[in-house]
Amino acid sequence: MTISVAMTVNGKAVSGKVEARTLLVQFLREHLGMTGTHVGCDTSQCGACVVHVDGKSVKSCTILAVQAEGSKVTTIEGLAASPDKLHPMQEAFRENHALQCGFCTPGMVMSAIDMVKRHNYQLDEATVRRELEGNLCRCTGYHNIVKAILAAAPAMKSAGV
Amino acid sequence: MTAATGIGARVLRTEDKRFLTGTGRYVDDLPLARATYAYFLRSPHAHAKIKSIDVSAAAKLPGVVNIFTGKDLVDAKVGGLICGWVVKDKHGQPHKSPAHPVMAVDTVRYVGDTVAMVVANTYDEAKDAAEAIKVDYDVKTANIDLAKALDKGAPEVHPEAPGNLVYDWEIGVKADVDAAFAKAAHVTKLDLINNRLIPNAMEPRAAAADYDKGTGNYTLWSTSQNPHVLRLILSAFVLGIPEHKLRVVAPDVGGGFGSKIFCYADETMVCWAASRVGRPIKWTAERSESFQTDCHGRDHVTHAELALDKDGKFLALKVETIANMGAYLSTFSTAVPTYLYATLLAGQYTTPLIYANVKAALTHTAPVDAYRGAGRPEATFVIESIVSKAAAEMKIDAAELRRKNFIPSTAFPYQTPVALQYDSGNYPPIIDEAMKIADYKGFEARRAEAKSRGKLRGIGFSSYIEACGLAPSQVIGQLGGGVGQWESAQIKFNPTGNVQVMTGSHSHGQSHETTFAQIIHSKLGVPMEQIEIVHGDTATTPFGMGTYGSRSLAVGGSAIIKATEKIIAKGKKVAAHLMEASVADVEFENGVFKVTGTDKNVPLAQVVFAAYVPHNYPLADTEPGMDENAFYDPANFVYPAGTQICELEIDPETGTTEIVAFTAIDDFGNIINPMIVEGQVHGGIVQGVGQALMEGAVYDKSTGQLISGSYMDYTMPRADNFPSFKLGYKHTPCPHNPLGVKGCGEAGAIASPAAVMNAIHNALAPIGVKHVEMPATPLNVWQSIKGAQRQAAK
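From first to last, the protein sequence lines are chains A and B.
Just so you know, we're using this note's numbering here: the first sequence kicks off at 1 and counts up by one.
Just so you know, we're using this note's numbering here: the second sequence kicks off at 1001 and counts up by one.
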């Protein structure tokens, strides 16, 4: 049995027919072909699948596609204003070598943006490290991810995003 | 070339943009029209006979396209998976080599062993159908506990390996070592366990395959660190598909750490079944499958003894190790605890006599193979643990004892007693720098201050050496390795002047698309944006050995240098013709050919154009085109070395350890991009600290169930487990490769477990704790503290 689902993804209205068990991440990857959001585990620990649903960071493997009905979803593909203008968080990740294999990166970036906003652009190292609890990276040792997020917070504030 | 983008510059990465915008292309991302999806039924038992497999109900379920079992492979005469390194035991006999069927035929030997493959229209349908397969198992007793795996009467894993012994191997002369021990003023003894780890690259392993009926060509997309080697193994040994009819593509790969070197059952099945199914097949491991079926790492039980004279000079080292191979011998498993382990036991020291005995054991657990460092972390952990223990016993400062025994800088090249000849190094300035940055002098004051807060503070050293950049092919061959260990490069200029560089190395986080481009930019003067580094596809790159053992820059980078030399040599001939000069008078600098002592010059781009449009060209003795291949076989391994210092605090009430400072000073030879190198060190340190403090693959000793089989049970290092790291470098260039580089990918993980554990022992020694095993979890530390307190109360 399939269920119709409709939502807004990166500003575009999308719809599809899914099984009741279809996860949001499966809907994004398999139905919409938006493969920027990754799946790194099956227990909602790794955070590679983090997207924003109605402005909040959500592990897209923990909610069903039908639960996102009518929501506004933002994925890693929807962050950059244009191909040449990255979001300040993306830019900070690049400037600070905060990614290596790139697999955890989409989730890291999405979590980090939410973190900066929740803390009103005011972060310190201990807070960033604690708040990254839900995102695993096996390459970078987190060192440069922490640096990138600390650098992005003021950049996001001045860019007004 | 500009200083901002050439060799040595902190160039931002070319590959970042696609990864940051969600446009990377990993195997699971590939759109394959008409794809089917595979799900593998895995054994729930560690050891069982398969009495029967009934797929009839499953085959009738919606969407099921095909179901394969081990019997289908036997009928199709598919070969088994191979171990590519023959280790000869101490009697000169090759190791026991039990069969490794791609899917189990009549016996399952670990939880996760592959039993059946279901192919269906969707992944969920395949998974649903797998649940309907009825397997009748006759469950047998499993051999799980490594320390007892070789005991008489232990359950046998394979009849081809009686007593579960794969080999009993040794290096060094035991009698000489024993004689040195007899004269020693002090002997330090140590029993330790090098805990089993699960690599956990963030991208789970995945495979997809397509078969073209018209041409008979197979394409296999795989999360591989070495697509050419995978193709070679599948063609020559397992599937028999002629090498030229199989293309293996490893596109963007989300981390490897060794676990994606090997040829696995699932990717083999996906490839084999593609022609039977007649549609493309996709498979991606769920994380729980990764835990069960990725090759695990480490897993040693070791007894070591160090003999010292009265002044603390090392006289001899004796090491006995049992190494776990798991249930089957994975691709390079046999080499890891021998040639990549015992040959490193000299460390940075002049220990004149070393004897090591390694027994490799089969158990009913997942196969064990190379994992970041592969043998060298195990060796470093033995040496650096026993050296610090000896220092504590003899009441000599841990740094002082190391310094007293360092190989002097004047002694290079230095022949160790365990086969390797170190090419270069200068160890004392490294430890000096590390101690300065870590403020070693101020440690006792910090310890006292911590004590006033009820915390136990400790400091620990680890001075590592590694042999990497594998390596001279002839040496590898003499040691039993089944492949060459050179690397390839092709530099192909296009008529418009931009260039594609095909490398046999593979980048899965190592940043080759940037660093290799920096080399080309520096040597040929081509702007960075006009250079494309191409890797990971057997159809477009020359045969190459791939990326592991910190070899890509030292070997693959050297191949690129050789290819640039050929480009320059050919370019000089063309330039000489264009400038009407003698070839001997032409020099090349910053992308321009010049006639020495004149202002005549012609840029490389113009030479390239002339080579493709050879209207005015020395055709009599020079072929058109600007496309050169090179293969580089190194003269020796490279020998990165360094010292790490870990400082930590333990809360004795909870057993919790907090790392408060971590310093790493490394000698990686010349550095192409310091930003990239720092990233490699950061990641390595965290993996090593993960081993020391939290990670551990745990099997239930009676049932063989993998207890640590998910991220809820296997503790991964997280951001808040660490402070920011302090790094530094002391360079001694490698004397035998053209870039003067050593490897940096594994160093962090090789050194850090010993630094952490030495710090823990240093912190706990004042309260009488003698030994803590890895992982030093809060429970483990707390129990050690309580044990010491009970002992003191007696």
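None of these hints come from the bench; they were simulated from the model.
Incorrect hints may have been included.
[Stated by the list, open to error] To give a feel for the contact side, a few chain A residues facing chain B, derived at Cβ under 7 Å:
1) I3
2) A6
3) G40
4) E77
5) A81
6) Q90
7) F93
8) F103
9) K117
10) Y121
11) R129
12) R130
13) C139
14) G141
[What the hints assert, rightly or not] Sample of chain A residues at the chain B side, in silico, Cβ under 7 Å:
15) L32
16) T35
17) T43
18) Q67
19) G70
20) T74
21) S82
22) D84
23) R94
24) H97
25) G102
26) E133
27) R138
28) Y142
Ideal Cβ positions, reconstructed from N, Cα and C, are used throughout, including at glycine.
ask   = Tell me, which hint numbers fail for this structure?
value = 1, 2, 5, 9, 10, 15, 18, 19, 20, 21 and 22
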